[in-house]
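Protein sequences appear in the order of chains A and B.
Residue numbers for the first sequence follow this note's numbering, beginning at 1 and rising by one.
Residue numbers for the second sequence follow this note's numbering, beginning at 1 and rising by one.
Worth flagging that the hints you see were computed from the coordinates, not collected in a lab.
None of the values given here were measured: they were computed from a predicted structure.
Beta carbons are placed, not taken as given, at the ideal position from N, Cα and C, and that holds for glycine.
Be aware that a few hints might be false.
[Said to hold, decoys possible] As a list, the in silico DMTMM-like pairs of lysine to aspartate or glutamate whose alpha-carbon atoms are at most 25 Å apart:
#	chain 1	residue 1	chain 2	residue 2
1	A	LYS38	B	GLU430
2	A	LYS286	A	ASP211
3	B	LYS29	B	GLU13
4	B	LYS29	A	GLU315
5	B	LYS29	A	GLU29
[Claimed, not checked] Just so you have them, the derived chain A footprint on chain B, three or more residues with Cβ under 8 Å:
#	segment
6	26 to 34
7	74 to 80
8	164 to 173
9	337 to 344
10	378 to 392
11	490 to 500
So the chains spell out like this:
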Amino acid sequence: MSDPLAGPPLAVRLHALAAAGVLEPAALERGLELIGRKPTADAWYRFARFHLIILGTVLVVAGAIFFVAANWDVFSPQTRIGLAAAAMAAATLAGGWIGLDRLSGRAAALAGGLLFGPLLALVGQVYQTGADAFELFLAWSAVLAGYALATRFVGAWITALLLAVVTTYLWIGQALGSHPFATPGLWVSLAGGAALTALGLHRRAGRGASDAIGAVALGLGWCIGFAHGATAIGIDGWPSGQPLALLLALAQPVVMLQLGRRIGDFGLERLGVAALFGLLTVAEGKLVFDVLNAKVGGLLIMGLLLSVQGYVGGEWFRARRSRGEDAA
Amino acid sequence: MSTRGLLEQLADEGLVDRAALDAATPLGKRARDALAGLTGEGLRLQQAGASVSVWLGALLLAIFLVEMEITEVVPLGLALGATGLGLAAALARGSASLLELQLRWIATIGGQILILVSLSEVVGDDEALCVATILLQAVTVWLVRDLAIGVASILVGAGALLVLAAELHVGAFGHGLLALFLGTCICGLWVLQAPLSARLGRLWQPLAYALPLAVWGPITIGAGGRHGSRASDALPMLFGSWAVEAMALSAGWAALSTWLMVQAGRERPELRGRALAAALVGIWLTALLGLDTPGLSAGLTLLLLGQLRGSHSLRLFGLTAIGGFLFFWYYEHGSTLLSKSIVAVSQGVLFLLLAGLLRRRAVRPREVQARPLAARMADLRWLSLALGLGLAIPGWVVTQKEQVLSAGETVLLRLRPVDPRSLMQGDYMELRYELAALPNIEAMAPRGALIVTRDADDVAQFVRVDDGRALAPGELRLRYHKRGEAVSFGAETFLFPEGEGQELEAARYGELAVAEAGDSVLIGLRDEARRPLGTRLHDR
């Protein structure tokens, strides 16, 4: 067995040593300071400035959304639209003037992009443009993508990406009159999930696991793919499009496993295995409870199956992790 | 640096007995025992052992035993449950294999479920069962020496405490007080981590790691629990019973934040003086401006605690709590959106002013040198393009709609309304036009126009689907697109000023301006006698 003192001095280890009475309070305080768990005055300065700017911007934009939603009729509709447009222009130009290399400049410019949403919502409110919220979100994501291009701010790209996903699902319901799990909405959802997964894998392979845009795209693609796979397995009969949905849901983790092995990304492999095990669980449940119609006995069978599955997964995890660490 | 290296340095400074480094001494053995489950291999095992499959498997096995009616024989159910917990406790002594680790989870989950279901056979009310659950979690933490199981038990215990509060109908203020109590515990555990971890022993870690996760629930419930309370009007943060309670909660969270900043000043003397005073002014101004928003103050407290203890996870919990609070705050009806808007903007401006003040007053070096004017002009050019696009889209919509309003004919459509709140546009009615329920919709083109006529009161009557024939006198085109089983005229929601909902319940007709080509704009709603209702946005 390896020496327990050989690993890095993580906070959790120092806490355990203190709990066991090995480290006295003064030693724990000093130990935590030595591993950087006591921020310096400089770290406090950076923390305060970053969070004050980000939270201040978020609260001002939230306040603008609340104001628009209040639909206050003291101002005329034209005045309200004018005020919202002026706020958007002022924030955007202030961002450019302060400089996009500074956090405050980027935050102001991003606030300008975010204020486009309340502006368009206001226009919709004044002219009652109807229930098609997807149009609002589509325009918002397009404009925010423009802001993201200009500011080169990761947060803006992620917000634009999230808005685009919301737009897609609103469009499926509102314009297509469909559902993500039934054709033709299914085709759109599958294409969206595949595109997100491809974007996530591409960025992960090129920029590593710390790339935030890649992580968000991959996470969304994973969830969409898994939801489609689980639905395809669980649904009665095989309505149109479900075989393809299942095929894509199985292909997604296989690609993750392959790519993870090739580029030595263990996190990617874990995502793939989690998806495969999840789909396997749904299939087992379908077999035991639906096909075999096992009732109380089914609980026992499923309990045992899942326990064995957990053990196999655990052994795989240990084996892969050890090999990865040995190689490193 | 390794743990050994750190201990050596602490020993050099006289803070640790050198015996801790020697495996042959009792202190060295204690150090190794404490770290047995936390080595690289131990942490790998923990990750491998605690999988969703194992938890679900344990849950299903326990439900199987319950379904076999074993728990109806209460002593048998209790004995089996206690055996499960005992097995988990025995397996948790010393290091374990993967199988043993997973068996710990299975025995703990199974044992707890059997005990609780058996108890439910003899304990009548839900409150007593909640108390039993809390006590059972305490026993599990004490009995099973496994950090991950301890964290899970504390979370389940906190969840039971929340359910107990709901069962006792403590209301929004009660949940707020519960959140404040948990927040005080969290701050106490982390601020006094050195003396408390020595005093609480192995209880400190599960409590300190799990409670920040548990506090999110009561913060959110405290915010959303005011649904349906219509006691307050324009300035609820100053008047009414809720305001006093909210003020007390906000002050409580601000007091906790003050404690954290004072502690920061103790640990970093260079923060004392102006910086600390500015932080305290900021904290109390935030509480004062947001007397109605204790959830925001709670998130800020967690954020500050995360910074004080250099913990990324705690900071993330704080930011998540703030985001979650803002989302639920929008949907609660305890105060008006207008007052919420004033509160949020004033707090946001306060934060931005403080950031500016920090930049001017701090003796820290500026982040970067100012960029040359040419670079900033280039930034402005790109931003102006994006801004131009952002202003052009609403500009185009406004122009189009104004044309319809200026030239369109008035048409009334009979309707059936319902009333939710939109994601961004506030209160609205979802409109269902009787005209939209046409026969044989499947045969119609996805997009097209209906031909309608109007009676003496301007109420529209369907004539036919537009087939290109010339319009007869009195006929009008009304554009549609198909949506499921009905057709849509693009005006299926009516957004109205906050507070007008009750008046608009009398709506029976939607009033549209319809242009020659069939484009329409919803102008307002009318009652059974065709009288206009609510605020008129467009006087035609």
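How the hints compare with the structure:
1. A hinted pair counts as satisfied when its Cα atoms are at most 25 Å apart, and LYS38/A with GLU430/B does not qualify at roughly 54 Å.
2. For the proposed pair LYS286/A and ASP211/A, the alpha carbon gap of about 37 Å is over 25 Å, so the pair is violated.
3. A C-alpha spacing of about 22 Å is found between LYS29/B and GLU13/B, which places the hinted pair at or below 25 Å, so the restraint holds.
4. Proximity of LYS29/B to GLU315/A is assessed by CA-CA distance (about 29 Å); at most 25 Å being required, the pair is judged violated.
5. Distance hint between LYS29/B and GLU29/A is fulfilled; the C-alpha atoms sit about 22 Å from each other, no more than 25 Å.
6. Counting residues of the segment 26 to 34 of chain B whose C-beta lies closer than 8 Å to any C-beta of chain A gives 6; at least three are required, and the coverage claim holds.
7. Residues of the segment 74 to 80 of chain B lying with their CB closer than 8 Å to a CB of chain A number 0, which falls below the three-residue condition for coverage.
8. Requiring three or more residues with a Cβ within less than 8 Å of a Cβ of chain A, the coverage given for the segment 164 to 173 of chain B is violated, as only 0 such residues are present.
9. Check on the segment 337 to 344 of chain B: 7 of its residues sit with their Cβ under 8 Å from a Cβ of chain A, so the three-residue criterion for coverage holds.
10. Taking a C-beta to C-beta cut-off of 8 Å, the segment 378 to 392 of chain B contributes 11 residues in contact with chain A, enough for the three needed, and the coverage statement holds.
11. Using a Cβ-Cβ cut-off of 8 Å, 9 residues of the segment 490 to 500 of chain B lie near chain A, which meets the minimum of three, so the contact claim holds.
The structure fails to meet hints 1, 2, 4, 7 and 8 from the earlier list, while all remaining hints are met.
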